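**Student:** Please work from the sequences and hints to get the whole structure.
The C-terminal position of the sequence shown is numbered 339 in our numbering, with every residue numbered one higher than the one before it.
No lab work stands behind these hints: they were computed from the structure. Note that the structure is predicted; figures quoted are calculated from it, not measured. One or more hints might be untrue.
[Unchecked claim] Derived Cβ-Cβ restraints for the label pairs, each shown as a range:
#, residue 1, residue 2, range
1, R57, D288, 48 to 58 Å
2, G292, R315, 11 to 21 Å
3, G292, Q30, 46 to 56 Å
4, P262, R125, 34 to 44 Å
5, K128, L32, 25 to 35 Å
6, Q30, R125, 22 to 32 Å
7, R86, R315, 22 to 32 Å
Every residue, glycine too, gets a C-beta built ideally from N, C-alpha and C.
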Amino acid sequence: MSRKPVPAQSGERSRVEVNFDKPQLLPRLFGEFDSNILALEERLGVYIHARGQRVVIEGSAEAVAHAREVLQDLHTRVIRGEDVDTGLIDAVIAMSAEPPLTGIIRADAGEAPPPIMIRTRKKTIVPRSAAQVHYMRELVSNDMIFALGPAGTGKTYLAVAQAVAQLITGNVQRLILSRPAVEAGERLGFLPGDMKEKVDPYLRPIYDALYDCLPAEQVERRIASGEIEIAPIAFMRGRTLAEAFVILDEAQNTTPMQMKMFLTRFGQNSRMVICGDPNQTDLPGGPNASGLNDAVGKLEGIEGISMVRFGVGDVVRHPIVGRIVQAYEGPDA
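**Tutor:** Structure below.
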């Protein structure tokens, strides 16, 4: 690699060498045409030069130390099989000041505890933002969690992954995944097909997360057996949901009465996650008519109920998604 050095940030000029012991993985670390290295240079204000297994980082002492830490973290993630892209780079930079994650997963005697993660049949999922670290901790320690924030922050995806992990290990007997069938003013009665065909489009994001965590044949088999149930919120009325991991997605589109009905379905040995963006309701009355906002106002601070809030900086989709959310909702979103 031969490029014009990036101007160093203020502070004492520094230079450090990093040697990697798995050179065959470096192409995945550096990215196509060194795109990941270029992203690190741009974000951290350093110059990075690589030759073989040796990487040289130059810049201010603080920036070089930061870049070295981030680069080593990314290399460890590549070893674990993760794909490095600009979204992951931004997440690692944001989390580089976070303290080590211990006590979430027990390690064997004498071994260092691994980072917090969710293991499913198809992949191992690790946090990609500081808020996701907090969220993943809450998912294993609280019975009812409200996950609040904009699209692209991983609220529903991580909840589904944790639910699948709980089902695989036998901690729960079934998964119940629900959504209100309210989108952009459409009504189910005007859509073609039977009830399943009417509601499936609304539940597609949940299906997508399931198929990402379990082989397709297992998803279909568990749905057929009733271990996994995917249904609109209206189907929850009159039930008690025991021994279950229950997820309500797009909760901002519930009315206060629907939300109360759903929350009071909570049964023994269950866990419930309510995901939604308080600012994006499709209800005619806007945010003031949302059962999610009503519930947050009534339940915040109650023992056993956790509120996890995500912001624009926690968006882990393409970086432009975060900029779009910020443009619509303001810099403090």
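**Student:** Could you check the structure against the hints above and give me the numbers of any it violates, in ascending order?
**Tutor:** none
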